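Using the sequences provided together with the hints, build the complete structure.
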Amino acid sequence: MNAEKFEFVSSGERSDQEILRKSLTYWQDAWRRLKNHKLAMVGLAGVILILFFAVFGPMLSRFSYSDQNLDFSNTPPRLKIYQLADDYYVFLTRDYKLLRVSGKGEILYRIPIEHKDPVKKIYTFKDEKQNMLIALDFSYNILPGKKADYDYTFSVNGGPEIAAHHKKVFNRTYPFGSDVVGRSLFVRVMYGARISLTVAFVASLVNLLVGVFYGSIAAYEGGKTDIVMMRFVDILNSIPLLIYVILIMVLVGNRGLWTMIIALGSVYWVQMARLVRGQVLSLKEQEFILAARALGVSKHHIISRHLIPNAIGPIIISMTMMIPSAVFTESFISFIGLGVSAPMASWGTLANDALSGLLSYPYQLFFPSMAIAFTMLSFNFLGDGLRDALDPRLRKG
Amino acid sequence: MKNYFLKRFIYSLLTIILIATVTFFMMHSIPGGPFTREKPVPPEILKALNEKYHLDDPLIIQYFDYMKGLFTFDMGPSFSKIGTSVNDLIKAGFPITAFVGFLAVLLIIILGVPVGIISALRQNRPIDYFVMFMATLGVTIPSFVLATLYIYFIAGKLDLVPPFGLSTPVSYIGPVLALSGYSLSFVARLTRSSMLEVLRQDYIRTARANGLKELSVIGKHAMKNALIPVVTYLGPTIAALMTGSFVVERIFAIPGIGRYFVESVSNRDYTVIMGVTVLYAAFYVMMILLVDILYAVIDPRIKFEKESN
Amino acid sequence: MKKVLLMILVSLLLVPFVFANGGKEEESKMVLNWNLGADPKTIDPGLNGASDGAHIDNNMFEGLVREQAGKIIPGIAESWNISDDGKTVTFKIRKDAKWSDGSNLTAHDFVYAWKRAIDPATGSEYSWIWEYTNVVGAMEAAYGDGPVDAVGVEAPDDYTLVVHLKNPTDYFVSLMSFFHFMPVKQSSVEAGPDGAWAKDPELAVSDGPYRLTSYTIGDGLTLEKNPYYWNADNVKIDVINVKFIDEASTAYTAYKSGEFDFLNDVPPSEVPRLIAEDPEFYIFPLLGTYYYNFNMNLDMWKDVRVRRAMALAIDREKICEVLAGGQVPAVGFVPPGFVDNEGRDFFETAGTYGFYKDSSGVAEAKKLMAEAGYPDGKGFPKFTLLYNTSEGHKLVAEMVQEMWKTNLGIECDLENQEWAVFQDTRSQGDYELARGGWITDFLDPMGLLAIFVTGNAYNDPKYSNPEYDALLDKANKTTGKEHYDALYAAQDILMKDLPVITVYHYTDTYLSSPPVKNWTRSQLGALDFSSAYVER
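Residue numbers (our numbering), protein chains in the order written: chain S, 20 to 416; chain G, 212 to 520; chain B, 4 to 539.
One or more hints might be untrue.
What the hints assert, rightly or not - Under the rule of at most 25 Å between Cα atoms (straight-line distance), these lysine-lysine pairs were calculated in the BS3-like manner:
1. G:LYS258 <-> B:LYS465
2. G:LYS258 <-> B:LYS118
3. G:LYS218 <-> S:LYS99
4. B:LYS520 <-> S:LYS140
5. S:LYS318 <-> G:LYS514
6. S:LYS243 <-> G:LYS213
7. B:LYS360 <-> S:LYS145
8. S:LYS139 <-> B:LYS169
9. S:LYS140 <-> B:LYS259
10. B:LYS397 <-> G:LYS250
11. S:LYS243 <-> G:LYS514
12. B:LYS118 <-> G:LYS250
13. B:LYS259 <-> S:LYS166
14. G:LYS218 <-> S:LYS166
15. S:LYS148 <-> B:LYS360
16. G:LYS250 <-> B:LYS465
17. G:LYS263 <-> B:LYS118
18. S:LYS165 <-> B:LYS259
19. S:LYS243 <-> G:LYS218
20. S:LYS135 <-> B:LYS360
21. B:LYS259 <-> G:LYS368
22. G:LYS514 <-> S:LYS165
23. B:LYS480 <-> B:LYS465
24. B:LYS360 <-> B:LYS408
25. B:LYS259 <-> S:LYS139
Unchecked claim - Now the in silico label distances, taken between C-beta atoms and shown as ranges:
26. B:PRO518 <-> S:PRO179: 33 to 43 Å
27. S:ALA104 <-> B:GLY376: 31 to 41 Å
28. B:PRO518 <-> G:PHE364: 20 to 30 Å
29. S:LEU270 <-> G:GLU249: 19 to 29 Å
30. S:GLY275 <-> B:ASN170: 50 to 60 Å
31. B:GLY376 <-> S:PHE189: 42 to 52 Å
32. G:ILE320 <-> B:PRO517: 43 to 53 Å
The hints are simulated quantities; they were obtained by calculation from the structure and are not laboratory data.
Quick caveat: nothing in here was measured; it's all calculated off a predicted structure.
From the three backbone atoms N, C-alpha and C, an ideal C-beta is built for every residue, glycine too.
As C-alpha cells, this is what we get:
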C-alpha cells in the first residue's frame with residue numbers, strides 16, 4: 020500500500036465531524052419539544068391564567084364568596100336600564116323587583132313596592148327620598164287587546180309612559196351577574212376555581228400514579244395476577260357510588276375537601292387502569308420489549324421506561340378528558356354532603372345550583388360552564404403537546 | 212386460549228356474585244331502611260313491617276335468602292313500589308332503557324370512530340380543529356344541561372319534538388343525544404389520538420412505501436391497532452349506556468330503569484338496589500370479557516397467559 | 004256507465020262525513036291531562052302515606068265525607084249524628100252507594116277497611132293516626148297492645164256505621180275525609196296483596212268519582228268516570244290522563260306546549276313571574292311549618308335570650324321571597340288555615356309574640372345577645388347547622404347563616420347529610436341545630452302542637468315542659484272553647500320557651516290552564532276533580 024494514498028486529516032476537518040450538540044436526556048428533550056409546540060404553549064398559558072385567577076381573582080372584587088344581598092338577587096351581567104329622570108335610572112328584574120342603578124351600571128338600591136294591582140297588572144313603587152312614584156304597567160301582551168312591541172312601560176309621578184329602554188349596560192356591581200341570594204358570581208367562579216382545580220389536579224394525579232401503574236402491572240404480569248387484579252377493578256366499578264359515598268360519610272364524617280378527594284380518588288382510577296392495561300397488552304409483545312428483556316432490563320424499568328412512555332398518548336388524552344367528569348362527580352358527592360359545605364362552591368356545585376333557574380337565568384350556568392370549558396381546552400392543548408413531547412418515538416437526540 | 216376464556220367466564224360469574232355480596236353488605240351498613248320516612252313510623256309499626264319482610268332476620272340469613280332467590284331469578288318485592296316485584300319493575304323499564312342505550316351506542320360507533328379517523332387524517336386542518344372543539348364541548352357540557360336546554364329550545368320554543376317521553380320516533384333524538392354526548396366526544400378524541408400514534412409507526416410507512424392503497428393502509432393496518440384503546444373505553448361504556456342514566460331519564464321523563472340507580476338508594480329500597488346493581492354487573496362483566504376477546508382478535512400477538520419459561 | 008261512476012264518486016265524497024261524525028264523537032269526551040309528579044308508592048288508601056297517593060285516592064275513592072276547601076260535605080255517608088256526650092258518632096250510609104264493579108257498598112266495608120288499616124299485620128304506615136281519632140281501642144290495636152276486634156266501630160246493619168270515641172273530638176268527622184279512612188273492598192284487597200290490587204285495572208275496585216283503567220309503571224295512569232258513583236250525574240270529566248313526570252321544568256315546558264292542563268308542581272324560578280302575570284297560577288296554604296330545632300340538651304342553648312335573639316335576627320320575608328313559592332313568614336308554630344270555635348283564623352288570632360315578618364327585630368336581637376353575655380357575638384361558640392340534602396334546604400340554611408353572621412356576629416358551619424342518615428342523626432339528638440318540617444294530618448292545630456309533648460316520637464328538640472304537656476292533654480279531651488283556649492295557651496308557652504325557630508309555612512302551587520274549571524282541593528292538600536269540567 021502506497022503511503023501517499025493516505026492523507027492526515029486537518030484539525031479543521033476533524034472538528035467538523037464532532038458532535039457539537041449535547042446529548043439530551045428524555046426529559047430535556049421532552050421539554051424542548053413541548054416549548055416548540057405552539058398550541059401547547061397556548062394551553063399552558065391558559066392554565067397559568069386560570070391559576071392566577073383562582074389565587075388572585077377574589078381579591079379583585081369587594082365581595083367575598085359568601086356575601087349576600089337578598090335585594091340584588093338574580094341580576095344578569097347585562098342590564099337593560101330605563102331612564103326615568105335626570106340621573107335616575109332603573110332596572111326591572113325578572114321577578115318584578117325594581118332596582119335603582121347608576122347610568123354606568125352600578126346597582127344602588129332597591130325601590131320598595133307601594134301597591135300591587137293584579138287585575139290591571141300595574142305595580143307602583145315608591146322612592147321616598149327622591150320623591151318618585153313609579154308606576155310599572157306590564158299588562159302589554161298579557162291582557163287581551165293590549166298588544167305592543169314592548170312588554171312594559173314606566174310612568175313617573177303620573178307623567179307620560181316610557182316604553183323604550185335607555186340602553187344596555189354591563190352590570191358593574193356583579194360582572195358575571197348575581198345568584199339567587201345576591202352573591203357575586205364572579206367571585207364565586209374564581210373561588211370555585213380553587214376547589215375544582217385542586218380536584219382536577221388530585222384526580223389526575225391519582226389517575227397517573229395508581230391507574231397507570233396498576234393497569235400496566237396487571238397487563239405485564241398476565242395470567243392469574245391479571246385476572247385477580249382486574250376483577251378487583253370490576254368490583255370497584257360496579258358498586259353504586261351513592262352507597263359508597265354515604266358509607267364514607269357515616270364512617271368518617273365530613274372532614275371537608277379531603278374526605279371528598281378520598282371518595283373520588285378511590286374509584287376514579289379504574290378507567291385509566293383498564294385503558295393502560297389494553298395498551299400494555301399490545302405493547303408487551305413487541306420486539307423492543309423482547310429486546311429489553313433479553314438485555315436483562317428489570318421489570319420495573321421495562322414498565323416505567325419502555326411500556327408507559329409508549330402508551331403515553333391515550334393516557335394523556337384520557338387524563339384531560341376525564342377532568343370534567345371529576346368536576347361533576349365532585350359536585351355530586353358534595354351535594355350528598357361529603358365535601359365542601361355551603362356556602363363554599365366549586366364549579367360543579369355552581370352549575371348544579373344554576374340548573375333550577377336555567378330557563379330564567381341562563382347566565383348562572385354559563386359562567387361556571389365556560390370556566391370548565393376553558394380549563395378543559397387549555398389542559399387539552401397542553402395535553403396534546405405533552406403527548407407529542409413525551410412520545411419516545413418522536414425523540415430526536 | 213379457549214381454556215383461558217372458559218376460566219375467564221367462570222371468574223366473571225364469581226365477580227358478579229362478589230359484586231352482589233359487597234353491595235348487599237354495604238347497603239345494609241348505612242343508616243336508614245326502606246321504612247324511614249319524613250314522619251318516622253312509630254316503632255311498633257316499624258317492627259311489624261320489618262317482620263313482614265324478614266328484615267329483622269340476622270343479616271347473614273337475609274343474604275343467603277336473597278342469593279337463593281337470585282339464582283332462581285327472583286329478585287324479591289320492591290319496598291318503595293309496594294305490591295310490585297323487582298322483576299316486574301325491571302321487565303317494564305329495561306327494554307325502554309336498553310333501546311335508548313342501544314341507539315346511543317350505535318351513534319357513538321357510527322359517528323365517533325369515523326370522525327376521529329378523519330380528524331387524524333386531516334390533522335391540524337380546519338376539520339380537525341372543529342372536531343377537537345366540539346369534542347371538548349361535548350365532555351364539558353354535562354348531560355343534564357344538554358337535556359334541559361334541548362327540551363327548552365327544541366321542544367318548547369321550536370315545538371319540533373314532544374317535550375317528554377318516547378311517544379314518537381323523533382322523541383328519541385333528545386335522550387340519545389344527551390346520553391351519548393360525553394362518550395361520543397371521548398371516543399372521537401381517543402380514536403383520533405390513537406390513529407395519529409399508529410400512523411406515525413414505521414410499519415405504516417413501510418406499507419405506504421410498498422405502494423399499498425391508502426384505504427388499505429388505513430382500513431387494514433392502521434385501524435386495528437388504533438382501536439385498542441377505543442375498544443377498552445367502549446366496553447364498560449356500553450354496559451353503562453344500556454342500563455341507563457338517571458339524569459337523562461328523569462329530565463326526559465322516560466320510564467326506564469336508569470332512575471332506579473339513584474332513587475332506590477335514597478329510598479333504601481334494598482331489593483331494587485340489588486336488582487339494578489346485579490343487572491349492571493352482569494352487563495359489565497360480559498362486556499369486559501368481550502373486550503378481551505376483541506383484543507385477541509385485533510392484535511393476534513396479544514397473549515393473556517403467563518409466558519411458559 | 005257514467006252514471007255508475009258518478010254514483011261511486013258521490014258516495015266516496017260522503018265517506019269523510021261518516022268518519023267526521025265518528026271523529027266528533029271521539030272528541031266529545033271531556034279529557035283532563037294532569038301531571039301528578041311522581042309515580043306513587045301505592046294508591047291503596049289503607050297503605051298510602053304520601054301526598055301523591057292522596058291526590059289519586061281523593062279522586063278514585065271516597066270516604067264517609069268529602070272535605071273541599073274546609074267545607075265538609077256528605078260523601079258515602081248521607082248524614083251523621085253525634086251523641087250528646089260527643090262520644091258516639093252514627094253515620095247513615097247511602098242506600099245507592101256502589102263499588103265501581105256494580106256491587107253494593109255497605110257499612111261493613113268501612114268496618115273491614117278500618118280494621119284492616121289498624122291491624123299491624125297489614126303494615127300500614129299511617130296507622131299511627133288512629134291515636135288522634137280517639138276511637139276506642141284503635142290506638143292500642145295499631146300498636147299491637149290490644150286486639151283489633153276491640154276497636155270501637157261496628158255496623159249494626161248494612162247502612163249504619165257506629166263509632167265510639169274515648170273523648171268528644173271536634174275534628175273527627177272532617178278527619179273521615181282523609182284517604183286512610185276510605186273504604187276498600189275485601190275481595191279486591193285479598194286478590195292483590197300489598198296494595199298490588201289498587202294499581203291493577205282488573206282488580207282495582209273503588210267507590211269514588213273515577214276508576215282506574217290503566218297503570219304503567221314509571222309512566223302514568225288513566226282514570227275514567229265511574230258510572231256507579233252515587234253522584235255520577237254531576238261528574239262531567241270522562242277521562243283523566245295522569246302522568247308521572249317529576250322534573251318540574253320538563254313538566255312546565257310540556258304545560259306551555261299544551262300537553263298538560265294541570266300541574267301540581269311549578270319550578271320556583273318561574274313563580275314570581277307567574278304570580279304577577281298568570282291568573283291561572285294558584286298558591287294555597289299547606290298546613291305545615293318549616294323550622295330549626297335547638298338541641299335543648301346542650302348547654303349552649305340554655306339561655307332563652309340567645310334562642311330568642313337568633314329567632315329575631317332572621318328576615319323571614321326575604322327568605323320567603325327568595326324561595327319564591329308564595330310561602331308565608333312564620334311566627335308561631337301553627338300556620339294560617341285553622342278555624343277556631345269562633346270562626347277566627349288561629350294564626351291571625353294567636354298574635355305575633357313580639358316577632359316580625361322582616362328584619363325589624365334585629366335591634367332587639369342584638370340587645371338580647373349582649374345581655375346574654377355575647378355583645379356582637381363575641382365569645383359565642385361556633386356551631387353546626389344540620390340539614391338534609393336538598394337545594395331548598397341549602398338555600399334557607401345559607402340565608403340564615405349569613406343573617407346571623409351579619410346581624411349577630413355569630414358563626415356557624417353548614418353540614419348536610421343524605422336524608423335517611425339525617426333522620427337517624429336528628430332523631431338520636433346528635434346535632435346542635437337541625438332543620439325540621441311538619442305538616443298536620445288532621446284539621447286541628449293539635450296536629451302541629453302535639454309533637455312537642457314530652458316523649459313524643461317527633462319531638463326532635465327533646466323539649467319538655469309539664470305545663471305544655473298538661474295543656475295539650477286538656478285539648479285532647481275537650482272540644483269547643485275549652486279546646487282552643489288550651490291550644491292558644493300552649494302555643495304561648497311554646498313561643499316563650501322557643502325550642503325551635505319557626506321560619507315559614509308551606510304552600511302548594513298549582514298551574515291550571517283556563518279551560519279547567521271548578522276543581523278544588525282539601526285543606527290537607529289533596530286535589531279534587533269530582534265536580535270539575537274542561538271547557539275547550
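These are the hints, each one checked on the structure:
no., hint, verdict
1, G:LYS258 <-> B:LYS465, "23 Å, holds"
2, G:LYS258 <-> B:LYS118, "19 Å, holds"
3, G:LYS218 <-> S:LYS99, "70 Å, violated"
4, B:LYS520 <-> S:LYS140, "23 Å, holds"
5, S:LYS318 <-> G:LYS514, "18 Å, holds"
6, S:LYS243 <-> G:LYS213, "15 Å, holds"
7, B:LYS360 <-> S:LYS145, "20 Å, holds"
8, S:LYS139 <-> B:LYS169, "54 Å, violated"
9, S:LYS140 <-> B:LYS259, "21 Å, holds"
10, B:LYS397 <-> G:LYS250, "20 Å, holds"
11, S:LYS243 <-> G:LYS514, "13 Å, holds"
12, B:LYS118 <-> G:LYS250, "22 Å, holds"
13, B:LYS259 <-> S:LYS166, "20 Å, holds"
14, G:LYS218 <-> S:LYS166, "76 Å, violated"
15, S:LYS148 <-> B:LYS360, "24 Å, holds"
16, G:LYS250 <-> B:LYS465, "16 Å, holds"
17, G:LYS263 <-> B:LYS118, "18 Å, holds"
18, S:LYS165 <-> B:LYS259, "21 Å, holds"
19, S:LYS243 <-> G:LYS218, "10 Å, holds"
20, S:LYS135 <-> B:LYS360, "19 Å, holds"
21, B:LYS259 <-> G:LYS368, "9 Å, holds"
22, G:LYS514 <-> S:LYS165, "78 Å, violated"
23, B:LYS480 <-> B:LYS465, "24 Å, holds"
24, B:LYS360 <-> B:LYS408, "19 Å, holds"
25, B:LYS259 <-> S:LYS139, "23 Å, holds"
26, B:PRO518 <-> S:PRO179: 33 to 43 Å, "39 Å, holds"
27, S:ALA104 <-> B:GLY376: 31 to 41 Å, "50 Å, violated"
28, B:PRO518 <-> G:PHE364: 20 to 30 Å, "27 Å, holds"
29, S:LEU270 <-> G:GLU249: 19 to 29 Å, "25 Å, holds"
30, S:GLY275 <-> B:ASN170: 50 to 60 Å, "53 Å, holds"
31, B:GLY376 <-> S:PHE189: 42 to 52 Å, "48 Å, holds"
32, G:ILE320 <-> B:PRO517: 43 to 53 Å, "49 Å, holds"
Of the numbered hints listed earlier, those contradicted by the structure are 3, 8, 14, 22, 27.
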